[in-house]
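> Sequence:
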Amino acid sequence: MVKKVLVIVFVFCGMNLFSQTSDIVVKEGLLRFQGTIGMGKSTDRNENNIFLHGNLEYFIHSFLTTRGDTYFFLENEENSLDVNHQLFAGMAYHFSKKSNFVPYIGIQPGLAATRYNGTTKTETTPLVSAVAGFNYFAAKWFHLFIDARFVSGKHLSNLPPYPINEIRLSFGLGFNIVTKKNK
-13 MVKKVLVIVF VFCGMNLFSQ TSDIVVKEGL LRFQGTIGMG KSTDRNENNI
37 FLHGNLEYFI HSFLTTRGDT YFFLENEENS LDVNHQLFAG MAYHFSKKSN
87 FVPYIGIQPG LAATRYNGTT KTETTPLVSA VAGFNYFAAK WFHLFIDARF
137 VSGKHLSNLP PYPINEIRLS FGLGFNIVTK KNK
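Residue numbers in the sequence shown follow our numbering, run continuously in steps of one, and reach 169 at the last position.
Where hints are given, some of them may not hold.
The calculated lysine to aspartate or glutamate pairs, modelled on EDC-like cross-linking and capped at a C-alpha distance of 20 Å, are [to be verified]:
#1 Lys27 <-> Glu61
#2 Lys27 <-> Glu64
#3 Lys140 <-> Glu14
#4 Lys140 <-> Glu33
#5 Lys126 <-> Asp30
#6 Lys166 <-> Glu14
#7 Lys140 <-> Asp30
#8 Lys140 <-> Glu109
#9 Lys167 <-> Asp9
#10 Lys83 <-> Asp30
#11 Lys140 <-> Glu64
#12 Lys166 <-> Asp9
#13 Lys84 <-> Asp30
#14 Lys83 <-> Glu33
#15 Lys167 <-> Glu14
#16 Lys84 <-> Glu14
#17 Lys126 <-> Asp9
#18 Lys83 <-> Asp9
#19 Lys107 <-> Asp68
#20 Lys167 <-> Glu109
#21 Lys107 <-> Glu61
#22 Lys84 <-> Glu33
#23 Lys140 <-> Asp68
Because the hints were derived from the structure by calculation, they are not lab data.
Only a predicted model underlies this, so the values are computations on that prediction, with no experimental measurement involved.
Hey, can you work out the whole structure from these sequences and the hints?
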């Protein structure tokens, strides 16, 4: 009996959730945030990286955002770096204004805290990143996303320079907060 009641509640909640998708969510004042696991593939070496990826984005206009991304490196045995945490800040242009499917492109300069395996000194490394992806705003308060990124930089220390060039992919569920009332 309890299972039947729970199924009925979830079905009606789901119907209510998707009945709200006709409203355009993307507009000035929208604050979008998400946390996920991101995967990276080095373009210079046969190494794969895994990061905890967090993102915060604010819509200045319905098509332009300011955004910040952070990547917390999860160390693994195949990598030459044992620290590679990264922080980015920049802008993104969103192409769709009349749909809840919103592709975007952006550019973000950033910094990385990097350290070679076996050394003790952590270095600050400048980075540049190009990002592209899409959000699907399924409801007023959440969205689905896919985020692809190219990161370029070079770890500089007393050892030979070490390129930090990679292609990354993140995807998952994010959340929205509308910070401005409709005009």
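> For every hint, state whether the structure bears it out.
Structure-based check of each hint:
no.	hint	result
1	Lys27 <-> Glu61	holds (14 Å)
2	Lys27 <-> Glu64	holds (12 Å)
3	Lys140 <-> Glu14	violated (36 Å)
4	Lys140 <-> Glu33	holds (15 Å)
5	Lys126 <-> Asp30	violated (41 Å)
6	Lys166 <-> Glu14	holds (7 Å)
7	Lys140 <-> Asp30	holds (11 Å)
8	Lys140 <-> Glu109	holds (11 Å)
9	Lys167 <-> Asp9	holds (14 Å)
10	Lys83 <-> Asp30	violated (38 Å)
11	Lys140 <-> Glu64	holds (19 Å)
12	Lys166 <-> Asp9	holds (15 Å)
13	Lys84 <-> Asp30	violated (40 Å)
14	Lys83 <-> Glu33	violated (39 Å)
15	Lys167 <-> Glu14	holds (9 Å)
16	Lys84 <-> Glu14	holds (13 Å)
17	Lys126 <-> Asp9	holds (8 Å)
18	Lys83 <-> Asp9	holds (12 Å)
19	Lys107 <-> Asp68	holds (11 Å)
20	Lys167 <-> Glu109	violated (44 Å)
21	Lys107 <-> Glu61	holds (16 Å)
22	Lys84 <-> Glu33	violated (41 Å)
23	Lys140 <-> Asp68	holds (15 Å)
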